[in-house]
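Colleague: Mind docking chain F on chain G? Use the hints.
Protein chains: 2
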Amino acid sequence: MSTATMKVHGALFSTASQRVFACLYEKQLEFELVPIDMRTGGHKKEPFISLNPFGQLPAFEDGDLTLFDSRAINLYIAHAYADKGTQLVYAGKQMATVSVWMEVEAHQFDPVASKLVFELAFKSMFGMTTDMAVVEEKEAKLGQVLDIYEVRLSQSKYLGGDDFTLADLHHLPCIQILMGTQVKKLFNSRPHVSAWCAAILARPAWLKVLAMQANN
Amino acid sequence: MSTATMKVHGALFSTASQRVFACLYEKQLEFELVPIDMRTGGHKKEPFISLNPFGQLPAFEDGDLTLFDSRAINLYIAHAYADKGTQLVYAGKQMATVSVWMEVEAHQFDPVASKLVFELAFKSMFGMTTDMAVVEEKEAKLGQVLDIYEVRLSQSKYLGGDDFTLADLHHLPCIQILMGTQVKKLFNSRPHVSAWCAAILARPAWLKVLAMQANN
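The listed protein sequences correspond, in order, to chains G and F.
Counted from 1, the first sequence has number 94 at position 94 by this note's numbering; the numbering is strictly sequential.
Counted from 1, the second sequence has number 24 at position 24 by this note's numbering; the numbering is strictly sequential.
Derived by calculation from the structure, the hints in this document are not laboratory data.
Since we're looking at a predicted model, the values are computed, not measured.
C-beta atoms are modelled at their ideal positions from N, C-alpha and C, and glycine is treated no differently.
Check before you lean on any hint, since a few could be wrong.
The calculated lysine to any residue pairs, modelled on SDA-like cross-linking and capped at a C-alpha distance of 25 Å, are [unchecked claim]: (1) K84(G) / V89(F); (2) K44(G) / L29(G); (3) K44(G) / V145(F); (4) K141(G) / G55(F); (5) K184(F) / Q144(F); (6) K44(F) / S114(F); (7) K208(F) / Y81(F); (8) K44(G) / D110(F); (9) K115(F) / M38(F); (10) K123(G) / E61(G); (11) K185(F) / F54(G); (12) K208(G) / E61(G); (13) K7(F) / H107(G); (14) K157(F) / L65(G); (15) K93(F) / E61(G); (16) K93(G) / D83(F); (17) K115(G) / P111(F); (18) K208(F) / K44(F).
So the derived label-pair ranges between C-beta atoms look like this [as the list claims (entries may be wrong)]: (19) K185(G) / G180(F): 42 to 50 Å; (20) K141(F) / L65(G): 27 to 35 Å; (21) E30(F) / G92(G): 19 to 27 Å; (22) E30(G) / Q213(F): 51 to 59 Å; (23) L210(F) / A214(G): 51 to 59 Å; (24) L65(F) / K157(G): 28 to 36 Å; (25) A133(G) / L201(F): 36 to 44 Å.
Derived contacts from chain F toward chain G, CB cut-off under 7 Å, selection only [stated by the list, open to error]: (26) P53; (27) F54; (28) G55; (29) L67; (30) D69; (31) R71; (32) L75; (33) Y76; (34) A96; (35) S99; (36) V100; (37) E103; (38) Q108; (39) I148.
Okay, chain G solo, but in the shape it has when bound (with noise of 0.2 Å):
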């Protein structure tokens, strides 16, 4: 029996629940996963959507804390466990950089991100068909982006400054996806894009979560 009191409601194969291990993993901290099955709608009914009423993946449990949505697990996590593993958060100004680029990954990175693994990854598995001027499009405001991001990666070697923190965990899941798929060439054209890649993605807490995936 597991005598971890963390509890992450997700699923192996959610990019949002992966952010969350990939976080606990960082941490050092053990977890117990609760598998949330999506083919079936587990993420729309009870018992899951008493944890979040929004229907997405993942929730977490610490205790009697229940929190819902990855970036604001992750913040808590980071926080409540600031002398564990990794350290992801910064106290005072340092932390401002770190939260401007955690808002750029969820504001700019993901949205088109996830377009491109819905449409490159996760439709072939659904048996949809790729709409490639979708992924056209998606690609062109992905690459201004990486634009911006090259310029930052080489003033710091993470985005919220000289450490691996939120800002630059957050932006894994699709990225290893996206890796995956012709969207490479993206991340791989531009130097210190590529290199920061590289970092993240070799990162232990990182190819644990590869690891479950593996496993399963």
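Modeller: Chain F only, in chain G's frame:
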């Protein structure tokens, strides 16, 4: 001459800029507005683009610190000036629930509300025609989101708990505009949502933001 060290590079009618003005007034902090003229593309060229390479209002300066993205700016202000004005964030576990509802605003409320603001308010200002099919679709979606807000606001006076926080504040600009459109019925037909809207729209700090526009 102003002695304010804080500068908001923004515009009076930019909802994202208004979010930052509201936060600064809640914290009783002096600031200088550096107006960016969006009609002439001021947000897409220098000097603004050096402050925010994504070309979106607002950007923010506090001494030698430069930030962009309204939500990241507000998190910085609320934490850096914790001892001033209204306490808009918490330390520890109490902040976790505020973070969840900040993400709800950003990912569930704002994408729908912003589209409705564009269709029902901004389009007529630009001489464009409202697409009523889009309005109908987004109203249905907003109704679903507000059903969840209604349950939440029956449990606590504000989204993040018993007190007004950034999770509430970030909704103000879009709600203010939508209350002047047909969408107000979606807020007013839900008693707890309606009471919450009335409470947050009446905050003195928000009235100061409206006064900025009126005095222009």
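Colleague: Now tell me, hint by hint, if it's right for this structure.
Modeller: For each hint, the structure was consulted:
A distance of roughly 23 Å separates the Cα atoms of K84(G) and V89(F); the hinted pair therefore holds under the 25 Å criterion. Taking the CA atoms of K44(G) and L29(G), the gap is near 28 Å; set against the 25 Å cutoff, the hint is violated. In summary, the hint linking K44(G) to V145(F) is supported, as the alpha carbons are separated by about 14 Å, within the 25 Å threshold. Between K141(G) and G55(F), the direct Cα distance comes to roughly 14 Å. Compliance with the 25 Å bound is thereby established for this hinted pair.
As the CA atoms of K184(F) and Q144(F) are separated by approximately 15 Å, the hinted pair is consistent with the 25 Å bound. This hinted pair checks out: K44(F) and S114(F) have alpha carbons roughly 20 Å apart, not beyond 25 Å. Restraint check for K208(F) and Y81(F): satisfied, since their Cα atoms lie roughly 19 Å apart, inside the 25 Å limit. Restraint check for K44(G) and D110(F): the C-alpha separation of about 22 Å stays at or below 25 Å, so the hint holds.
Of the pairs offered as hints, the one joining K115(F) and M38(F) holds, with about 18 Å between alpha carbons and a cut-off of 25 Å not exceeded. For a cut-off of 25 Å, the pair hint linking K123(G) to E61(G) is broken: about 31 Å separates their Cα positions. Simply put, K185(F) and F54(G) have alpha-carbon atoms about 22 Å apart, close enough for the 25 Å limit, and the pair holds. Pair hint K208(G) plus E61(G) holds up; C-alpha atoms about 21 Å apart against a cutoff of 25 Å.
Between K7(F) and H107(G) the alpha-carbon distance is near 23 Å, which keeps this suggested pair within the 25 Å criterion. In summary, the hint linking K157(F) to L65(G) is supported, as the alpha carbons are separated by about 19 Å, within the 25 Å threshold. Among the hinted pairs, K93(F) with E61(G) is consistent with the structure: their alpha-carbon atoms are about 12 Å apart, no more than 25 Å. In summary, the hint linking K93(G) to D83(F) is supported, as the alpha carbons are separated by about 15 Å, within the 25 Å threshold.
Under the criterion of a C-alpha separation no larger than 25 Å, the hint pairing K115(G) with P111(F) is consistent with the structure, at around 15 Å. Proximity of K208(F) to K44(F) is assessed by CA-CA distance (about 28 Å); at most 25 Å being required, the pair is judged violated. A hinted range of 42 to 50 Å holds for the C-beta pair K185(G) and G180(F), which are about 47 Å apart. Separation of K141(F) from L65(G) is about 29 Å and conforms to the stated range, judged on CB atoms against 27 to 35 Å.
Evaluation of the 19 to 27 Å hint for E30(F) and G92(G) yields a pass: the beta carbon distance comes to about 21 Å. For E30(G) and Q213(F), the hinted distance range of 51 to 59 Å is satisfied, since their beta carbons lie about 52 Å from each other. Checked against the given bound of 51 to 59 Å, the beta carbons of L210(F) and A214(G), roughly 56 Å apart, stay inside it. Between L65(F) and K157(G) the beta carbons are some 20 Å apart, a value that contradicts the proposed interval 28 to 36 Å.
The hinted window of 36 to 44 Å between A133(G) and L201(F) holds, with their beta carbons roughly 42 Å apart. Nearest Cβ of chain G to the Cβ of P53(F): about 5 Å, under the 7 Å cut. The hint holds. Against a cut-off of 7 Å between C-beta atoms, the interface hint on F54(F) holds, since the closest Cβ of chain G lies about 6 Å away. A hinted interface residue such as G55(F) counts as satisfied when its beta carbon comes closer than 7 Å to some beta carbon of chain G; here the least separation is about 10 Å, so the hint is violated.
With a least beta-carbon distance of about 5 Å to chain G, the hint placing L67(F) at the interface is held under the 7 Å criterion. The criterion of a C-beta within 7 Å of any C-beta in chain G is met by D69(F), whose closest approach is roughly 4 Å, and the hint holds. Satisfaction of the interface hint for R71(F) is found here, the shortest Cβ-Cβ separation to chain G being roughly 6 Å, below the 7 Å cut-off. For L75(F), the interface hint holds, since its Cβ comes within 7 Å of a Cβ in chain G; the closest pair sits about 5 Å apart.
Taking 7 Å as the C-beta contact cut-off toward chain G, the hint placing Y76(F) at the interface holds, the least distance being around 4 Å. Interface hint at A96(F): satisfied, since its Cβ lies 4 Å from the closest Cβ of chain G, which is below the 7 Å cut-off. Because the smallest distance between the Cβ of S99(F) and any Cβ of chain G comes to about 4 Å, under 7 Å, the interface hint for this residue holds. The criterion of a C-beta within 7 Å of any C-beta in chain G is met by V100(F), whose closest approach is roughly 4 Å, and the hint holds.
A cut of 7 Å between beta carbons decides the hint on E103(F): the least distance to chain G is about 4 Å, and the hint holds. Hint status for Q108(F): holds, given a least beta-carbon distance of 6 Å to chain G, under 7 Å. The closest approach between the C-beta of I148(F) and any C-beta of chain G is roughly 5 Å, which is under the 7 Å cut-off, so the hint is satisfied.
Of the numbered hints listed earlier, those contradicted by the structure are 2, 10, 18, 24 and 28.
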